[in-house]
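Here the protein sequences come in this chain order: A and B. End of the first sequence sits at 468 in the working numbering; the numbers just go up one at a time, nothing left out. End of the second sequence sits at 125 in the working numbering; the numbers just go up one at a time, nothing left out.
Since the hints were derived computationally from the structure, they do not count as laboratory data. Just so you know, these numbers come straight off a predicted model, no measurement behind them.
Here are the simulated lysine to aspartate or glutamate pairs, DMTMM-like style, with alpha carbons at most 25 Å apart: (1) 7(A) x 30(B); (2) 8(A) x 26(B); (3) 105(A) x 25(B); (4) 7(A) x 26(B); (5) 13(A) x 10(B); (6) 8(A) x 120(B); (7) 112(B) x 248(A); (8) 105(A) x 113(B); (9) 105(A) x 18(B); (10) 13(A) x 22(B); (11) 8(A) x 9(B); (12) 93(B) x 127(A); (13) 425(A) x 289(A); (14) 112(B) x 50(B); (15) 7(A) x 18(B); (16) 112(B) x 104(A); (17) 13(A) x 26(B); (18) 143(A) x 113(B); (19) 119(B) x 124(A); (20) 106(A) x 25(B); (21) 13(A) x 23(B); (22) 7(A) x 22(B); (23) 87(B) x 124(A); (24) 106(A) x 27(B); (25) 106(A) x 18(B); (26) 112(B) x 152(A); (27) 107(B) x 118(A); (28) 115(A) x 113(B); (29) 105(A) x 22(B); (30) 105(A) x 27(B); (31) 107(B) x 9(B).
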Amino acid sequence: MALFNLKKLLSRKDTVRLLDELTESLSTNVCIVSASGVVLYGNCNGYPPVLPDHPDHPGLPDFANMAGFPIIADGQAVGWVHGDDRKANAIVSVVNHMVKTEMEKKALATETLDKYNELTMLYDFVEKVNTFNVKEIANFLIKQVLVQIRADNASIMLENETTGLLETIAASGTYFDPMMPLKPGTGIAGSVMLAGKAEIINDCLSDPRYIVGRNKISSLICAPIKAKEKTIGVVNASTIKPNNYTADDLKFFSTLVTQAAFAIDNARLYENLKKAFIKTVNTLAETIEKRDPYTGGHTKRVMNYSVAIAEELGIGDKDRERLELASILHDIGKIGVSDKVLLKTSKLTDEEFDEIKKHPVYGEEILSYIENLDDIIPGIKSHHERFDGKGYPEGLRGDEIDLIARIIAVADSFDAMTSDRPYRKGLSFDVALGELRKCSGTQFDSKVVDAFFEAHKNHKIKLENDKQ
Amino acid sequence: MPTILIVDDEQHIRLLIEQTLEELEDDGVEILTADNGAEALEIIKEARPELVFLDVMMPKMNGFDVCNTVKNDLGMKSIYIILLTAKGQEFDKEKGRECGSDLYITKPFSPKELRNKAKEILGLQ
Chain A
1 MALFNLKKLL SRKDTVRLLD ELTESLSTNV CIVSASGVVL YGNCNGYPPV LPDHPDHPGL
61 PDFANMAGFP IIADGQAVGW VHGDDRKANA IVSVVNHMVK TEMEKKALAT ETLDKYNELT
121 MLYDFVEKVN TFNVKEIANF LIKQVLVQIR ADNASIMLEN ETTGLLETIA ASGTYFDPMM
181 PLKPGTGIAG SVMLAGKAEI INDCLSDPRY IVGRNKISSL ICAPIKAKEK TIGVVNASTI
241 KPNNYTADDL KFFSTLVTQA AFAIDNARLY ENLKKAFIKT VNTLAETIEK RDPYTGGHTK
301 RVMNYSVAIA EELGIGDKDR ERLELASILH DIGKIGVSDK VLLKTSKLTD EEFDEIKKHP
361 VYGEEILSYI ENLDDIIPGI KSHHERFDGK GYPEGLRGDE IDLIARIIAV ADSFDAMTSD
421 RPYRKGLSFD VALGELRKCS GTQFDSKVVD AFFEAHKNHK IKLENDKQ
Chain B
1 MPTILIVDDE QHIRLLIEQT LEELEDDGVE ILTADNGAEA LEIIKEARPE LVFLDVMMPK
61 MNGFDVCNTV KNDLGMKSIY IILLTAKGQE FDKEKGRECG SDLYITKPFS PKELRNKAKE
121 ILGLQ
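Required output: the full structure, derived from the provided sequences and hints.
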C-alpha cells in the first residue's frame, strides 16, 4: 500500500478547522511536518523540520534530540508534531486517531473497489456471453480467467456426451500442451468432476491425484461446470510457479464459472437442436430424392460443392449456415412436379419443361410455411437464375441474385453435367469444368466459378465415381 | 491544480469513485466530494472544478437540475459534466442533452474506463 497521504488529510478543511480550534482552546501553537520535512500545518519557525542525524549512526534520526511527536501510519512515522510537549502530545493523539480512521476507510474503499471490479466484470461477462457457440463461450471464459485471476494457464474440459471422457475444448497459456481426454475420477480435474466441488490445490506436486505431465504446474484452482445439478465439465486455472490461491479467488472463480455454465448449457442444447433440425431437413430432402432414382446423392453432392465454393469465397458463419440448408433443400419444390414430368426419360415438351421450371417457386411456397427459414428462401427460389438475367423464375441478374443462389447454381449445374441420366451419360470432369469456364460471366457469376476452380485446385471437389 | 468533483448521495459510490481516481492525485489532481446538489453547486462556484461526476438520481435537487444550473444559468460551459445513471433505469437522453451534459456513464461502471476517461479529459494521458 502506498504511504499514507498526510498532506491530503491536513489540507482538508474540516481537519484544519479542528486543529485550529484545538490549538486555540489549548492556547498553544503547534507545527506539523511531513516525514520528508515539508511543513503541512502551522508555523514551524524555531523547530527542526526533521531530526538531525544520530552522531554515531549517520542516516538514522537522533531520537535523543527529538523535539516532536511522531504521527504513525502502518508502524511508520509519516510526520511529526512539534510544539509545547504536553499540549503537542495531546494534539498528536488526535491526529493519530484521524490517521487511523482514515486508513481504515481507505482499506474499506480498496476492498469495495475490488469487489466492484468483480461485479462489473460479471456484468460484462453476462452481457457478452450471449452466443450459442460453445467454443466462443469457452474462449471468452478463458480470456476472463487469465485477466481476473493470477494464472499462467487456463483450460476448459467438457464431458464428451458419447464417450463420457473429459475433453479439453479450449485452453490457453504459455506452457499449454493439449491434454489427453481424462476419465472422470482420474487426475485432479477428474476428481473435481466426480465430486462436483471446486478446489484449490496450492501444491500440486504433493497431491497424489496430480498426474505429472509435460505441463509443469505448481498451483491449481479447479471448479466444476454445473448445468441443472449435473456436472458437465471443469475449468482449470494454474500457475507455473507456486502461488497462494485464496478462498476469495475460489469464490470469484466459481461465480465466473457458474455464469459460463449457464451459457454453455444453453449453447449445447441449441447445438443439439440444430443438429436434429439439419438431420430432419436432410431426411426430407432424401425422401424427395427417392422419387427420382437417377438423381441419387445429388443433394449431398450439391451441398459439398457449395460448401467448398463458400470456403474459397470466405463467407461468414451466418451465410454458411444459410447456404448449407438452402443447398440441401434447393430442389424441395420438385415435390410439386408430377411424376409424369419429373421421371420422364425422353425429351420434355415445352409445357412439361414449364412445369419443371416451377419448382423453385414451389420451393419458396413450401418453405414460407416454416418459421425461421425465410432467410434461405432466396437461395432456393433463385438457384436457376442466370447471371446475365436469362434464367427463371424472375429473370434476376447479377447481384440481384442472392449469393447463396449463385453458388448453388454452379454446384447444381456441375453435378447435373457430371451425373449419368437415363437418356445420356454424364460429362467427364474436365469437360464439365470447361463448360463452367465457358459460361462464366454469362450463366454463372465468374467470382463463384473462380472459387469453384480454386476449390478444385485445393482438392475440395471430388467426384464419387471414376470420371476424374 | 486540476480539480474533480464527485457528487452522489450514496456514500459508497463517492468512496468508490474517489478510490478509483486516487492515482490521479499523484499527478496533482485534487478530488472533492459532495453528497447533494446544493452542496455541489457551492463547491462548483468556489472551486471551479474541471470535471464533475454527477449522479442523476438524488433527492431534492437532481443531477439534471445541477447540470442545468451550472451549464446554462451560471454559464460555466467549460466544466466537463459526466452524468451517472443506474443501469436498468431508463436514462432520459433528451434531458441529458438539454441540460448540456457532456457524457453519461451507467452504473455499475468499469473503474478502469472511468479512470481513463478522467485522465483523458484532464489531459493526463
